[in-house]
Each structure stands twice: as structure tokens, then as C-alpha cells.
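K.L.:
The task is to assemble the complex, starting from two chains supplied on their own in separate frames and drawing on the hints.
Chains as they are written, first to last, in my numbering: chain A, 19 to 436; chain B, 166 to 273.
In case anyone wonders, no lab produced these hints; they're calculated from the structure. None of these values were measured; they are calculated from a predicted model. The reader is advised that the hints may include incorrect statements.
[Said to hold, decoys possible] Calculated Cβ distances over 10 Å to all of chain A for the following chain B residues:
no., residue
1, A167
2, E173
3, P178
4, K187
5, E219
6, D224
7, P229
8, D231
9, P269
[As the list claims (entries may be wrong)] What the simulated footprint calls covered on chain A by chain B, stretch by stretch (three residues with Cβ under 8 Å from a Cβ of chain B suffice, anywhere in the stretch; the number is not a length):
no., segment
10, 81-90
11, 120-131
12, 136-148
13, 383-394
Ideal Cβ positions, reconstructed from N, Cα and C, are used throughout, including at glycine.
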Amino acid sequence: MNAPVNYQPSDDAWSMPLDQIDVSDPMLYQTDTYYPYFERLRREDPVHYRKGGMYGDFWSVTKFKDIMTVETHPEIYSSEAKLGGISITDRPMKFRRSSFISMDPPRHDEQRKVVSPIVAPANLQNMSGIIRERVCRVLDGLPRNETFDWVERVSIELTTLMLTTLFDFPEDERSKLTYWSDCATADVNAGGIVDSEEKRLEILTEALRTFTGMWHERAARPPGYDLISMLAHGEATRNLVNDPMEFLGNLTLLIVGGNDTTRNSMSGGLWALCKNPDEYRKLYADPSLVTSLVPEIIRWQSPIVHMRRTALADAELGGKQIKAGDKVCMWYISGNRDEDTIDRPNDFIVDRARPRHHLSFGFGVHRCVGNRLAEMQLIILWEEILKRFPAIELVEEPKRLYSNFIHGITEMKVRIPG
Amino acid sequence: MAKVTFIEHNGIPHTVEIAIGKTVMEAAVNNNVRGIDADCGGECACATCHVYIEPAWLDKIGLPADGSQEASMLSFAAVTQPDSRLSCQIVMTAELDGLVVRMPEGQH
Numbered sequence: 019m020n021a022p023v024n025y026q027p028s029d030d031a032w033s034m035p036l037d038q039i040d041v042s043d044p045m046l047y048q049t050d051t052y053y054p055y056f057e058r059l060r061r062e063d064p065v066h067y068r069k070g071g072m073y074g075d076f077w078s079v080t081k082f083k084d085i086m087t088v089e090t091h092p093e094i095y096s097s098e099a100k101l102g103g104i105s106i107t108d109r110p111m112k113f114r115r116s117s118f119i120s121m122d123p124p125r126h127d128e129q130r131k132v133v134s135p136i137v138a139p140a141n142l143q144n145m146s147g148i149i150r151e152r153v154c155r156v157l158d159g160l161p162r163n164e165t166f167d168w169v170e171r172v173s174i175e176l177t178t179l180m181l182t183t184l185f186d187f188p189e190d191e192r193s194k195l196t197y198w199s200d201c202a203t204a205d206v207n208a209g210g211i212v213d214s215e216e217k218r219l220e221i222l223t224e225a226l227r228t229f230t231g232m233w234h235e236r237a238a239r240p241p242g243y244d245l246i247s248m249l250a251h252g253e254a255t256r257n258l259v260n261d262p263m264e265f266l267g268n269l270t271l272l273i274v275g276g277n278d279t280t281r282n283s284m285s286g287g288l289w290a291l292c293k294n295p296d297e298y299r300k301l302y303a304d305p306s307l308v309t310s311l312v313p314e315i316i317r318w319q320s321p322i323v324h325m326r327r328t329a330l331a332d333a334e335l336g337g338k339q340i341k342a343g344d345k346v347c348m349w350y351i352s353g354n355r356d357e358d359t360i361d362r363p364n365d366f367i368v369d370r371a372r373p374r375h376h377l378s379f380g381f382g383v384h385r386c387v388g389n390r391l392a393e394m395q396l397i398i399l400w401e402e403i404l405k406r407f408p409a410i411e412l413v414e415e416p417k418r419l420y421s422n423f424i425h426g427i428t429e430m431k432v433r434i435p436g
Numbered sequence: 166m167a168k169v170t171f172i173e174h175n176g177i178p179h180t181v182e183i184a185i186g187k188t189v190m191e192a193a194v195n196n197n198v199r200g201i202d203a204d205c206g207g208e209c210a211c212a213t214c215h216v217y218i219e220p221a222w223l224d225k226i227g228l229p230a231d232g233s234q235e236a237s238m239l240s241f242a243a244v245t246q247p248d249s250r251l252s253c254q255i256v257m258t259a260e261l262d263g264l265v266v267r268m269p270e271g272q273h
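Bound-form chain B, shown alone (with noise of 0.2 Å):
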């Protein structure tokens, strides 16, 4: 298991349990951590899992590709930053265990 927090855009922390090798949006949806929406279930499809990835993280998790389709899904999506991960393509690993991420004001 690894830990991950998940910060609300009012600032209350949430830190929960996540097996390693599921996603950070599983994550939040597995333990009802409300403001990650996820409404297409993990397809990188509609960008409603997005989070800000805090600095001490971003070297191990990096910027999804140029042209990728959840580059492609974030330009679509509001409120977004140079930080700016969707959740459901961030898989867990031993390495990520403590990662904090802060979520947008709304996810559209």
C-alpha cells in the first residue's frame, strides 16, 4: 500500500491508502475523497480527475506527452496549470508513496 494526500482547493487535507499499481484516481474514488469526479472511469476521456501535482513530486511524476491524448484532454479542461496531471494516468508505485496533489476549484 502507499499513501497518497489529497489537498481540496479550500485547503482541507485527505490522505488516504491506495494499492500499488492502482491509480491516483482510484485513489480518491476508492476512498470518497470528493472533488475527483472521474466521470469516464479511467479512460483518459473526459478530465474530470485533474490535479495539481505539488513540486516536491512533479521530477518523479513529469508532464503527460506533447500530443498525448491526456495532453489533448487537459487543454480542454478549465482552471488548468503547467502542473497539471489527470489522475487517472498517474499509476502508483513504491517511489510515490506520500505524494500530495491539490484539486482544482471544480472539475469541468
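Chain A on its own, in the form it takes in the complex (with noise of 0.2 Å):
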């Protein structure tokens, strides 16, 4: 039998049996075809779970309410490393490295109350000038009339620049930051250098030697304000280097955090202004509406696909029954087109009433800690570009990454017009 000719793999989201759908199969974010998925367990089976799936037994919170229960919830859905932490990939238990994000309260709340001074109103503040100027820079020196990798040339410049500023790391060793990030988070199957977590460890105890270093030079010099020296004299961390896995966990914590997700909103903002033009235009007009533009980039692109708990005790959650020891995936890229929330969700608008609320940074103890940094970087690359770019071309379809927790794209040709 000959397939039929309209033939659509999505059209499978629609007919499959319901508990056959496994929204975590990395390829439906590499090819970009995970909406109707959701859309079908949103309507039909918004708690869902899926038995024997490409990353074991989970649950799939679709709905952005049920997905608020969980985050405001961390007594019962635990983010602890142990049990399997943030992702649903459940690592060998050897791998399994512990960070603050990894951690439940109280542990989670002295860690993470040592670093996030850094992105206080002051601080971000004294590192808007540095940024703009770095935007600028690498805005002007773009070609006109020639296809470029927007990725490479802006996105990954930029988030890689700030990177070295929060680590305060030697600038022209800063390809090495987003070479440890992509290998922090890579999917194992996604056919890259990092094939194994034996290959992953590998590389990534580099970064810890690197870092290590830095630790101990910046511990023996007064507190200055970087990542690793205020790690180094903070209460609860000071002794962190000595816990070498833990460390490790808490750099790649930081520098994903810092680095990945903040690349991807910068192409993919892109990318959505592209494919709609009359919202371009709309912002062209007037470069104020950037401060709600910029939430709507950093929803429409849900730079995290998933986060991860392990239920602690058995919970309702959505009219279903969790059992302790489940996992449960909060999929905030579902919960971001959640039509009970948001008003026309499926709609990138640049002028949104309430733009912010959305679910990219997370809720609850766990909010991402450089939200407001995440934002600033990403009005100041705006207002930029409106400054100087009436039109970006997309010149092909963005490429994007096997995975099914960065939401990430890894090439787009773009052209400015001369």
C-alpha cells in the first residue's frame, strides 16, 4: 500500500492511541512538530501518563494550572539529585551530580541564597553598560547583503561574552564556556561528541579543573563580585570544591543557566519576528513595546522544554493519581500555549497585556535566579537591533537541537538587507 499523498506525521498526534503519545521523544523538538501532541493531551488527558516510554514511566503535566500545583508544591514533588532530579533523563546513579537546582529546601535555599546577590536591581545595573556596549559591537560588525549564522555570530557571542563576566573568566578562552555547556546538557543519542556519560563526565572534568583553579586563587583573594569567588567565601559553599561532583554540578548549573537558554530566546525571537512580519513592523514603530516583547520572546520560545520532580508522597494531581516515586514532568512548552491561561496563545503579539505571565523561568522556590539578567540582555540586544535593522531576513529554516529539555536552535541563516 502506497502512503497517501496529504500524508502528515502530525496527523499521527490526532489518531494514535492516547497512551501510545510520548512527548518525550527528542525528535518531535528537532523537527519542530511536538504542538499537536500537546494540544491533543491539553484537551484530552491533560495529566497524562505514559507507560514505557522513550525515557521510562512519567507523568506529563500539560496544563499551565497543574504545572503551578507542582512548582508551588516542593514538599511533595522533589527536584532532590538522588532521586533523579530535574530531567527526565534518569542518569546511572554514579552520574547523578547534586546542585542547588537539584536540591530541595533547606539545602536548595543557602545555596542558592549565595549566588543570586550577582543579578540583585544594583548589580544589573552595572552590568547593563558593559552589555550594551558588547551588543553593539557585535551589531555592527554584521555583513549587509550576505547569509549569515545568526546563532554563531549573535546569540552564542553574546551569552558566551556574559558568561565571562558573571565567571569573570579570560575572555578569549570563553569558546571553551559554551563547548562545556552543550556538552553538559547534550542527549546522549543526539548523535555528538558526547555519546556516553562516561564522554560526558570526560569533558566536563576540564571545566572542573579549570574552575578549581580559579576557586582556589579567588578564595585566598578578598570577595570580589564573580560567580566563583562568591561561592568560594560564601557560608554555605565554602567548602564545595572539596565535593568535587557537587561543584561540578553547581558550574554547569550556572553556566547552562547562564549561557543556553538566553542563546536560544535570542535566535528564536528572531525567528518568530520573521515568520511574523506585521509584528516587526509594529515594534519598528515603536521600540518601546521591547519590554513586552521581550517576555513574549522568552514564552514563545520556552528555552526549557521540561522540568522534572519525583513525587515524595502519593498526591491528586488533575483529577489523577500520583503515587510516590513517580516522576513527573511539568512540560512548560505546553503550559505556555495553555488557552485557558493565555489569551490566544498560539499567537506570537508583541504588545501583550500581561506578557510575563508565563512559564519559561518556572514558579515557586526553583524560579530561574537570573530572570531579570535573562531579560535585560535581551531588551538591550532589541533595542539595538531596532535601532539599526529595519528588516532581518530569515534565509532558511532555523535547525534545532535532539532534545527534549534545551529548546534549543542551533544554525539560522539570516541576511540583512544593505
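P.N.:
Take a look at the structure:
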């Protein structure tokens, strides 16, 4: 039999048995075909159990309100690394590295509070000058009438430079940060360099060695305003270096948190505006809209696809019975398209009334520490783009990452008319 | 209806009206008072509706209980003070008519 001529892979989403839907398949994100699966789950089975999925048995929480319930009950829904941590992938026990994102209160609270002052309002103000200077330099260096990769030239460059400031890391060695960040989150089945947990640890051990050296240097000096110095001098973290795997866990958290996510919003935002030229014209006519544009970009991109918890006790969620020990995944990418909470969720709208009401930063005690820094970087980027470019053309559709965790754009060819 | 005055970090006051039973956060958001972000929409889950309560009102409003979700979220907010509250957790009553709160330099 021949397949129907007008067959679309997404047709499966509506016809396949509900219990066969597996939204953990990273291919759905690489091919940008996940939308109808979540649309069906939100409609027909918003708290959905998948037995025997690609990443084992797990609950999918797909509606905004149910995600909020999980987020605000850390005493039931644990982030603890030893139980499986924050990602759907159950790594072998010896590769489960703890960090403050994969801890529950009170330890989480103590470690998080050591680093959070780096993004306090006054510090953000201090960093805004250098961010703008770099944005201007990067944008002014872009070619005209010539195809180039926005991800490499703009998104990676700007976010990696930001990391050099946050860690006080040598600028000329910054490509290592991007490399370590990508290795830390790579799916071992993606076909890249990291094809096993052993390989990942081998690569990240280089990062650990580099940062351990920086730690000892900075611990010997008076406290400074970079993350390593803050950890080395922080009451709750000053011995962290003696627990190399937890130190590495926190390093990768801060590198990935400060890098991958904003990088992909920088790419995804341009993609969204290229796909919605009327919105770009609206924005170009009124650049003050950047303050609502940016949260809309962050909702639209949903840079973190999901966060996982493990139930510590039996609980009811959306009418379903969760059992102690169950794996529970909150699909931010779905909650951000929930029609019951967000008006016209499938439209990209640069002037929404309440654009910050989205799930991309998470909520509750684990809410993204750097959320205001991320927004500030994106606001400055778009302010400067709007001063320069009446149009940026998408030359071909972006290439996307094979991952169910990082919603990544790996390449996006664009052209700026001269 | 009851009146609430929000004083911006730079000293500019905004007095607005809100129905009894609504929250102080809603008083700001529904009247477009800038500086109260309320990202989570009133779920006590983001600490971006942070305010300082003027001394005259603190006795009536009180502080969040130790170990409560509000105390936990406030502990992660930047620039907190002993009189910090999350405005989404303060419900307006007739007794609070005329309430004055101040806003921090940023909502983090």
C-alpha cells in the first residue's frame, strides 16, 4: 500500500492511541512537530501517564495551572538529584550530580542565596553598560547583503561574553564555556561528541579542573563580584570545592543557566519576528514595546522544554492519582500554549497586556535566579537591533537541537538587506 | 471600594481604588501601577509583587508566618526588609482602606 499523498506526520498526534503518545521523544523538538501532541493532551488528558516511554514511565503535566500546583509544592514534588533530579533522563546513580537546582529546601535555599546577589537590581544596573557596549559591537560587525548564521555570530557570542563577566573568565578562552555548556546538556543519543555519561564526565572534568584553579586563586583574595568568588567565600558553599561532583553540578547549572537559555531566546525571538512581519513592523514603529516583546519571546521560545520532579508522597493532580516515587514532568512548552490561561496562545503578539504571565522561568522556590538578567540582555539586544535594522530576512528554516530538555536552535541563516 | 497608595522607589505616589476582597497586588495591576510585576498572577510563586508596608499599617497587616510559602518566596527576593510582604497575599478589607505601601527598586 502506498501512503496517502497528503500524509502529515502530525496526523498521528490526533489518531494514535492516547497511551502511546510519548512527548519525551527528542525528535519532536528537533523537527518542531510537538505542537499537536500537546494540544491533544491538554484537551483530552492534561495529566497524562506514559508507561514505557523512551525515557521510562512518567507523568506529563501539560496545563498551566497544574504545572503551577507542582511548582508550589516542593514538599511533594522533589527536585533531589539522587531521586532523579530535574530532567526526565534517569542517569545512572554515579552520574547524578547534585546542585542547588536539584536539591530541595532547606539546602537549596542556602546555596541559592550565595549566588543570587549577582543579579540584584543594583548589580544589573552595573552590568547594563558592558552588555550594551558588546551588543553594539557585535551588531555593527554583522555583514550586509550576505547570508550568515545568527546563532553563531550573535546568540552564542553575546551569551558567552556574558558568562565571562559572570565568572570573571578569560575572554579569549570563552569558546570553552560554550563547549562545556553544550556537553553538559547533550542527549547521549543525539549523535554528537557526548555519546555516553562517561564521555560527558571526561569533558566536564576539564571544566572542573579549570574552575578549581580559579576557586583557589579567588578564595585566597578578598571577596569579588563573580560567581566563583561568591561561592568560594559564601557561608553555605565555602567547602564546595572539596565535593568535586557537587561543585561540578553547580558549575554546570550556572553555565547552562546563564548561557543556553538566553542564547536560544536570542535566536528564537528573531525567528518569531521573521515569521510575523506585521509584529516586527509594529515593534519597529514603536520601540518602547521591547519591554513586552521580550517576555513574549521568552514564552514563545520556552527555552526549557520541561522540568522533572519525583513524587515523595501520593498526591492528586488534575484528577489523577500520583504515587510516591513517580516521575512527574512539567512541560513548560505546553503550559505556555494553554488556552485556558493565555489569550490567543498560538499567536506571537509583541504588545500583550500581561506578557510576563508565562512558565518559562518556572515558579516557586526554583524560579530562575537569572530571569531579570536574561530579560535585560534581550531588551538591550532588541533596542539596538531596532536602531539599526528595518528588516532581517530568514534565509532558511533554523536547525534545531535533538533534546527534550533544552529547546535549542543550533543554526539560523539570515540576511540583513544593506 | 478601598484606597491603596503605592509609593514608587523614586518617591512618586499613586493612589488607586480597589474592591474589598481583592488583593493589593490586583489594586496595582488592574490600575496599571508600574513596578508591581506579579509574574505568577497571584499564586505566591514568584515574589515580583514585593512591597514594604508603612509602619502605621504593619500591625494591622502583620508579617508572613515562619515556614509559610510567602516567607519562603520572600527569602529569595532581592532587597527585602523586615517590613517586606508579597502584595498578592494581602486581601483588602474595610480596615485597610487608605493603606500605604512602598515599592523596592526592582522586582526580582
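K.L.:
Which of the numbered hints are not met once you compare them with the structure shown?
P.N.:
9
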